[in-house]
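Use the sequences and the hints to build the structure in full.
Protein chains: 4
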Amino acid sequence: MAKIPVGILGATGMVGQQYVALLADHPWFEVRYAAASPRSAGKKYAEAVAGRWHATGGVPHPSVWGLVVEDAGDVSKALAAAKRGDCAFVFSALEMGKDETGSLEEAYAASGIPVVSNASAHRWTEDVPMLIAEVNPQHADIIPAQQKNRGWGAGFIAVKPNCSIQSYMTPVWALMRAGYEIKRMIVTTLQAVSGAGYPGVASLDMIDNIVPYIGGEEEKSEREPLKILGSISGAKIENYRGLEISAHCNRVAVIDGHTACVSLEFGAGKPSVEEAKKIWAAFRALPQELGFPLAPEQPIIVREEADRPQPRKDRGAGKAMAVSVGRIRPCNVFDLRFVGLSHNTVRGAAGGGILNAELLKAKGYIG
Amino acid sequence: MAKIPVGILGATGMVGQQYVALLADHPWFEVRYAAASPRSAGKKYAEAVAGRWHATGGVPHPSVWGLVVEDAGDVSKALAAAKRGDCAFVFSALEMGKDETGSLEEAYAASGIPVVSNASAHRWTEDVPMLIAEVNPQHADIIPAQQKNRGWGAGFIAVKPNCSIQSYMTPVWALMRAGYEIKRMIVTTLQAVSGAGYPGVASLDMIDNIVPYIGGEEEKSEREPLKILGSISGAKIENYRGLEISAHCNRVAVIDGHTACVSLEFGAGKPSVEEAKKIWAAFRALPQELGFPLAPEQPIIVREEADRPQPRKDRGAGKAMAVSVGRIRPCNVFDLRFVGLSHNTVRGAAGGGILNAELLKAKGYIG
Amino acid sequence: MAKIPVGILGATGMVGQQYVALLADHPWFEVRYAAASPRSAGKKYAEAVAGRWHATGGVPHPSVWGLVVEDAGDVSKALAAAKRGDCAFVFSALEMGKDETGSLEEAYAASGIPVVSNASAHRWTEDVPMLIAEVNPQHADIIPAQQKNRGWGAGFIAVKPNCSIQSYMTPVWALMRAGYEIKRMIVTTLQAVSGAGYPGVASLDMIDNIVPYIGGEEEKSEREPLKILGSISGAKIENYRGLEISAHCNRVAVIDGHTACVSLEFGAGKPSVEEAKKIWAAFRALPQELGFPLAPEQPIIVREEADRPQPRKDRGAGKAMAVSVGRIRPCNVFDLRFVGLSHNTVRGAAGGGILNAELLKAKGYIG
Amino acid sequence: MAKIPVGILGATGMVGQQYVALLADHPWFEVRYAAASPRSAGKKYAEAVAGRWHATGGVPHPSVWGLVVEDAGDVSKALAAAKRGDCAFVFSALEMGKDETGSLEEAYAASGIPVVSNASAHRWTEDVPMLIAEVNPQHADIIPAQQKNRGWGAGFIAVKPNCSIQSYMTPVWALMRAGYEIKRMIVTTLQAVSGAGYPGVASLDMIDNIVPYIGGEEEKSEREPLKILGSISGAKIENYRGLEISAHCNRVAVIDGHTACVSLEFGAGKPSVEEAKKIWAAFRALPQELGFPLAPEQPIIVREEADRPQPRKDRGAGKAMAVSVGRIRPCNVFDLRFVGLSHNTVRGAAGGGILNAELLKAKGYIG
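Protein chains in written order, with numbering that gives the first Met the number 0: chain A, 0 to 366; chain B, 0 to 366; chain C, 0 to 366; chain D, 0 to 366.
One should not assume that every hint holds.
Counterexamples of contact, computed for chain C against chain B with all Cβ distances above 10 Å [stated by the list, open to error]:
1) His25
2) Pro61
3) Val67
4) Gly150
5) Ala153
6) Ser202
7) Gly233
8) Glu237
9) Asn238
10) Arg240
11) Phe265
12) Leu285
13) Gly363
To be clear about the criterion: a stretch of chain B counts as covered by chain A if any three or more of its residues have a C-beta under 8 Å from a C-beta of chain A, and this derived list gives those stretches [said to hold, decoys possible]:
14) 31-37
15) 178-190
16) 209-218
17) 239-247
18) 319-331
Simulated from the structure, these hints should not be mistaken for lab results. The structure presented is a predicted model; accordingly, all values stated were derived computationally and were not measured. Cβ atoms here follow ideal geometry from the backbone N, Cα and C, with glycine treated the same way.
Here is the structure:
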């Protein structure tokens, strides 16, 4: 079967590089179009990233290195690529301001090119799904309404949430799916520096130090889960109203891997520690059922050791796409406590975006 | 005025070294007796710590370097020192097992030598006060009952709590003293490696990593505040019953300085963010009123910057004896959130012990 | 073709774990025997390493997890395994004292089991080859003399050098092989903490710090190259005498990857910077010519960026088996300077041992 | 005695802040004038550095916090301050481009205000002394010739060398002063991130990593010592020609403190290890003889431990103004090896500048 040709907007940035790396051997998708800022436009991809290649993991396909980078601001270039069969949809890893990113993503969608985005610009647009493929795959089905709303043809926008919530959102959902209502949640994160891009956090702030603040992160962490847990109502997604979240976000001296310390308060029914572990270990969802290429075999990995999960040791679990949980124990104030961990630049960024594209292909929205 | 001669049990360990360093220029106390394990006994102090001096801060008095280290297990040595006027009381920084430490501290007290201890052995002994000088100085007044209970003369035991709670306990108390009942508290700590002693945490566990577990720390963090907030009832201290605490304790790549992310739920009355800041900035207690030498001028320092306190930048505040608080904001689940920070090997260890001794002297129990 | 069954001595330690990880999918060898200290003996391998699995990389073959660990001190167990076809030779990752290791390795060899060792015990035994497969593969041919000397049958001992020299030894040899005599060399290493095992270096020594000393490392770095560059003379290997080396060894806060800053003084002929780069980029040796499974395609990778190689970014190059070199420039005192880097726990430990075994198989000494 | 009023150019940058911190309680100098970029001009100093105060050490004099920052580009402001008795000379911690800095420093000097500079702009100006107060204090005596050359009155420029050479230059000079000719030197440095300013080095480059390159640092390290060891000849300083230096400069995850691994080759006479230690321990120079306020009592501290000096443990020695040396041993290629360490933002920056000003005052050129 021929691979689907894809483009990457913001292809030379940190997240764009991760897309290139993770798509190197992808069985469904092939990178055939790369766009970035005007500064990179006209250069070969290899030149454009020379001396600032940050992604680890698979070495990208030589074909990508030879692609001539286009100006991401010029949609006509992508349209031309689409016409010649090189760009069936784009991943957006744009790093411009929010408004500019939002408008540009709309321009691509309006021109008929689906946009699977990592950017935050459209996370709160009512008719744009914010997808975690194991949690709310059904939200993809707002796409026809989105297209109709806006008079768009094949184009649309789908986004993924912020990386900070990925280390606990799937476990939280797994308990809810098993019938346990969660009413309140207090979470403290210890987040990796790669989440801030490059150069990002200064080493003077991270050696012998932590920074107990990440701009905008707590607000996102408290709001985004409510949309993800929400439901489609006509042409918009209505937020879930049954859950209150408080987030404390910290930056720590870790390269990759966000850790979260979570306390949960349940409604009437409360799972025991053993039940929670069973639910998590057994949890499978659409990506597993349909065998998506980047889906982790086991989306939630339960660690029984007293001192795990740890970012350096567990971030790579399940192709760096799984969430590892541990220290599952009763909470002295709420009902249950645990530590969750996920890889922020794979699961929390490009890997999550690719899994969303796999979902959208499986559902027939792209391809 | 002649200085009071003091001894240090466990003088060659990390905490013992901090005692030596911090007492170097103390106006009231002078180190004239040092005891440690049989391995060090008979050596001059300088030899015994050669190649493993970890304390920073003031260089110790040359007189200490020349002291011949005695066997801490042999109380008669301390008694002899007491008789020749070299040991009015001891600081206990013993690092033996809990039972052995507990018995040995009792033996010193029984022989007439007051013990001001950093060890955890007697924290839950009912007639032993667990003191934070700014929070529960009145608990020192259980000492006569303790002495009577046990048939001891001038000797007694007073202890300090675990270092992990110092970064939030004083702020919590300050709000309670101001009339605000705190009913529930969820706290996540990011603790420095010096808290684990030397060699302590392996560098393989701390480079590009955090460890979401510290053995026994969460239990201590959840229980010790209840005794500190408790009240003397006859010959024992009864725990406070109005507060529930849940603690998540993490080890991070920081040398000194424990940080805590705290969410507080109040009873009927709730302070606003501005009130909390005012209460904290204005908080003064007995150590400040009586001008104890190691008392920080301002026990709680309110930082207004968005990203403070930070361990490397704020642990030294108030001679490393103050608690720094910041990020004071409403909690999305409870009522108020903040970040607290204190220096774990100064305020949380030797410095806190010395401040307790200053309190005990001011109250007439030693000296 | 059936795989050759191999045993690992010291299988539960850090290097032993690396062997298990790296052999997981090896096309020639299969781990069928595991031995360790009496403490682990009798446990299944999975139990014996539970909670202390440090190796990253390939997840080991499930078959290994089920192996019952034997006592490495009991050679008869290995002989029994050999008889039932489970142990054609052993990798020695023993972590006992030098004398004990040396004797035990001899006992295995004497009983007919070849020993491919990472331990330092026999590095200076005259009839034992110390192999870097790309540098001195011909030294393997001392094995028949070794066997004859000692009256051994099929058994023998072959060792690898210390990990610290791997980051520059192959580049140095490549220049020598190209005809450039190197007379003097001053090298300063920045070595990863994994080189010290677990728990190894304390985090209190590695946060905001470096340690300019590694016990015994400088002596090894100065002597081992002379044997590797030496030649077989009768039944012993005679040291090369034409090279003087001075080594400064430092420990830095890096998980894996030793970096070396090297200044070289040549004899009469001196390569230009461009020649050195060409020689290194083109260098291939026996492991490449014969296509050994773990041989890096390109043993020396030349980096042209101003600030490379760097441990985190380059240690994985060539399956973590290549040496990366960069900053190749004239020396202001000697003739040529460069920075070399190799992965100390792969190339410098288990990976190097496996490559040696591949060499020994290719030469017919095992299998 | 009234203190000499001083100004700081670039007062809000990292080095400028260190000047403010270190001058807080200076017995001779008092900061009464602060200038920085136009962005800071007009603000109170406290505002201008709010949220970006990096200096540790003494909390600056409250009087400095209230100073209104002037535009460093406007010399007339400093002249006005000089006229009202607030600026007898300036410390230059300017962070502009080299040419701009050079011209501006000349403008100050031409207007009659002496400039004691940390900037590199004039290090190679022939009639400008590059001073290490313990090494070449006599170079200050080129100042009258400099003033005459340029037709300047009381103004002049004096500079200090790059921070990277401070960890070995004084020990090297001490041996030379004792009569030992040093002909060749190969040095590898492990430098702290504070040397790159803020934000400086990205944490993504320093966690689990080192960077074997610092732009321009090796060239400075190889050339600056030759001027420092040079001699005044008429109106210029002639370089010393007897020494060849090769420097490898690395960035490591250390906040403060540059470490250097040094190999020395002597001329005819060679000191033994014991002689070198004696020479270093006994070394005193003009700053010690005249008792300059910031002079370390002992400029070179010899550490006998096997694993010292280490940056975190030794950078503070001698008020962070001393050089610590250790690992003194024969070199296997040259004659003598050692490890040197100094505090790069104190001795290597503001502290070194202040010591130079103390020297210039003692010699009558300022005050």
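Minimum Cβ-Cβ distance from Gly150 (chain C) to chain B exceeds 10 Å: At roughly 43 Å from the nearest Cβ of chain B, Gly150 (chain C) sits farther out than 10 Å, so the non-interface label holds.
Nearest-CB test (10 Å) between chain B and Pro61 (chain C): 26 Å, holds
Beyond 10 Å from every chain B Cβ - status for Ala153 (chain C): Consistent with the label, Ala153 (chain C) stays out of reach of chain B, its closest Cβ about 38 Å off (over 10 Å).
Coverage assertion for the segment 319-331 of chain B with respect to chain A, Cβ distance below 8 Å, three residues required: holds (count 4)
Chain B versus Asn238 (chain C) - minimum CB to CB distance exceeding 10 Å, so not interface: Label holds. Min Cβ-Cβ 35 Å, cutoff 10 Å.
10 Å cut-off, C-beta based - Gly233 (chain C) kept clear of every residue in chain B: 44 Å, holds
Closest CB of chain B to the CB of Val67 (chain C) still more than 10 Å away: Nearest chain B Cβ is 28 Å from Val67 (chain C), so the label holds.
Whether chain A covers the segment 31-37 of chain B (at least 3 residues having a Cβ closer than 8 Å to its Cβ atoms): Three-residue rule not met by the segment 31-37 of chain B, so violated; n is 0.
Whether Leu285 (chain C) stays farther than 10 Å from all C-beta atoms of chain B, as the label says: 34 Å, holds
Assertion that Glu237 (chain C) lies farther than 10 Å from chain B (Cβ): 39 Å, holds
Status of His25 (chain C), Cβ more than 10 Å from any chain B Cβ: His25 (chain C) is indeed farther than 10 Å from all Cβ atoms of chain B, at 26 Å.
Status of Ser202 (chain C), Cβ more than 10 Å from any chain B Cβ: Answer for Ser202 (chain C): violated, closest chain B Cβ roughly 4 Å.
The structure shown violates the earlier hints numbered 6 and 14.
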